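*Asks:* Full structure from sequences and hints, please.
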Amino acid sequence: MGDPLLTVTNLETYYGPIMAIRGVSFSVPERAIVTILGANGAGKSTILKTVSGVMDPQKGTVTFAGREIQGMDPDKVTRLGISHVPEGREMFPFLSVRENLMMGAYTRRDGDRVKADLELVYGYFPILKGRADQRAGQLSGGEQQMLAISRALMARPRMMLLDEPSLGLAPRLVKEIFEIIARINREQGVTVLLVEQNANIALHVADYGYVLEVGRIVMEDACARLLEKEDIKEFYLGIKESSVRGTRRWKRKKTWR
Amino acid sequence: MAVTTVYGQDTVAKLFRHVARERGERVAMREKHLGIWRAVSWRDYGERAKRVGLGLVALGLRPRDVVSIAADNCPEWLYTDMGTISVGGITNGIYTTDAPRQVEYIVNDSGTRFFFAENEEQLDKILESRAACPGLAKIFVFDMDGLHGFQDPQVMPFEALLDLGARYDVEHPGAFDAMVEIARPEDLAILVYTSGTTGPPKGAMLSHRNILFQIAYADYITALREGDQQLSFLPLCHIAERTVSVFNPLKTGATVNFAESIDTVPDNLREVAPALFFAVPRIWEKFYSAVALRMRDATWPGRLAYGWAIGVGTRVAEARLAGRRPSLARRLLYRLADFLVLDNVKRSMGLHRARGTATGAAPIAPELIKWYMALGIDMREVYGQTENCGLATAMPPERIKLGTVGIARPDTEVRISPQGEILLKGPHVFLGYYKNPQKTAETIVDGWLHTGDVGVMDADGFVRITDRMRDIIITAGGKNVTPSEIENQLKFSPYISDAVVIGDQRKFLSCLVMIDPETVAQFAQERNVPFTNFASLCRTKEVQDLIAGEIERVNKQLARVETIKTFRLIEQILTAEDEELTPTMKLKRAFVSKKYKDVIDAMYTGA
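If you read the sequences in order, they're chains A and B.
Counting in the working numbering, the first sequence runs from 884 upward without gaps.
Counting in the working numbering, the second sequence runs from 20 upward without gaps.
Don't read these hints as lab results, they were simulated from the structure.
Note that the structure is a prediction, hence the values are computed from the model and not measured.
Taking lysine-lysine and the DSS-like style, the derived pairs with C-alpha atoms no more than 30 Å apart in a straight line are:
(1) A:Lys-1134 - B:Lys-157
(2) A:Lys-1134 - B:Lys-305
(3) B:Lys-157 - A:Lys-1123
(4) B:Lys-51 - A:Lys-1137
(5) B:Lys-613 - A:Lys-1137
(6) A:Lys-1136 - B:Lys-51
(7) A:Lys-1112 - A:Lys-1123
Some but not every residue of chain A turned toward chain B, in silico, with C-beta under 8 Å:
(8) Thr-892
(9) Asn-893
(10) Gly-906
(11) Ser-908
(12) Phe-909
(13) Ile-1100
(14) Met-1102
(15) Glu-1103
(16) Arg-1128
(17) Arg-1131
(18) Arg-1132
(19) Trp-1133
(20) Lys-1136
(21) Trp-1139
(22) Arg-1140
The beta-carbon is built from N, C-alpha and C at its ideal position, and this holds for glycine as well.
*Replies:* So this is what it looks like as structure tokens:
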């Protein structure tokens, strides 16, 4: 897969006095899907925010395509080719679907290519085409997520940062959206850094995974191998060996190996 | 004749009944429940223990039946322990970290009839193995959380046992008092299984007399009064914690506070601020590392003040070690250093009220004891083993020789055999191994307990332990090396939590190192060393260099043949559940040497 497109080294990010990221290093190869798993408050979103420039790290470097981008303004980062799909979608509810999508292309100057991309996006999410003139606020949760991903795509990014695309969606929709993410990755060559709590789907879609616990990476491996790990099975996939009594409430100690 | 009665009582059962009556409403122990420390009086302690004992009798317990307890430290552990002993039964602790098949082995080896499980997790272990435990009659559960819908004819909640005991008491008045009289001083009281680093665990038999003899000297380290606090957190299955937290308070009346868990020990320690604190070297090393790291991050005036104060403290400690009284000026300076700095350091650890502290159960670096002495903490090294019911030697208050484990405790003898083995004699020597006359005969010869430790004794009777008999390394060149001395030096580094020196039948010495995940991660982070998980942290050049530097520091203090030529890191965070570690978190040499054979061989072929 060649040199990593994104390399993060020793990142430390604070919320006021609280250290949210306690020295995290990882890399994302070009054209790969890499996932970061973790519970609430593990620091997953903070990592994405730090990469996309919404937050500035206290320490550490973020290298994108050979260039250090930590602490850069978000608009500059976007221009460099990183699109952030934030948690909770964050679209503009009173703008139409089409206007939302055009907001995604705000940084671009190549007008006719934008038009072609609009069609491309509609190709991936036909339902958005039908709702092009509706206000984005009237879309269902799944449609809003599709819109958020499409809007990011409209910037023609080299890399997309996806923050919990499965949040609040029905299982069937989650499956659908993840299939499209995989297609976008395959067909458009967009590198994806995916943050998820739904470990099952993330590990099946991604190539490589990191597990984050309270601001530190505790485990990393190819997703196929992560799926076989005992701790992943019990704590992230909810697969438990049942005890002699048939049920079990107590948890094993996490060892991360 | 040695003292083997306490308050005129000659068995643990009688002593417990006596003090529970005498002390009444005074506080025996505290347990934190939903964030609040709740007290248990001696009267309640006595009453609940009695109900446990009588409940077991109602269910068919006969004198000398074995009762096993698989629970972390909690009041119920003590109720069960004292209750069982009171009615003539024998208690045996099982480590909560033991795997089901280890539990099965101990239950069968000891012939356990009644099993007490702390909670669902421990219950599952015994349920898994009970089909292979024909002697087991009944299982009790302390904490029924998550077991509401669970019904099993062999399993009973602890509360139900207490009710049963209370009913039995009403129906058979006076029965309990008669049972307390059953045991004779020379009778077996408890079984303590020793962690088998070689072969299966063996059950050491300790008598009432053994225990009372130790209780009689409960004040040996520091005199405790009623109202003094202690913190209990080391496993009660271990004889040292059992003596300190269960037996000795029968004499001293000190209040035992149970730590919430091993992770909360530093917090609980600050809350309790005990008068006496006993810990294993690993804990002392951790406290020291925490202060050392905190001082490194401190502002420069802070570092300066700390450096000055520790300097003053060290000179006072050195004077004490040399048997001199420091000059008046120095004593005044020390008062100032204590007031300005040292007292705060002690407060941050929760040791500002500690009149006495002790370290034992594993070797410790003398530098570490000196550091605590410099803080003004009276730390004494003690030595002993399960087979002598705890204390065998201790550092006397009037004369401290660092690097030794002190002198034989009163009314006992210590001798060094021609082979260099430490031998013990006295009323503390155990009865033997349970149902294992052969091992017993190997261990007690002509009344002398063969400890398996190698050591020397100086003219003043101070004992210095060099190593375990079977751990001594003989290099290919024929040189005898005592690995634990080197390992202790290594462990003094804040970055190394344990190490195993290897070199038996080999050309040179090497070692396997278990790094401290916290301090090393902090080290890497400060220097911008990228790493992801623990294994990648171990592999970074900077960490390898760091540990190499620590080993070099130790090498400088060693003779030429003894230096460590190469090392490898253990690239996994080990927990007490892992077989590599004993329940007290020491690396098992034999097991580690076998498990990491490939890694070890690579050190000798590659070099």
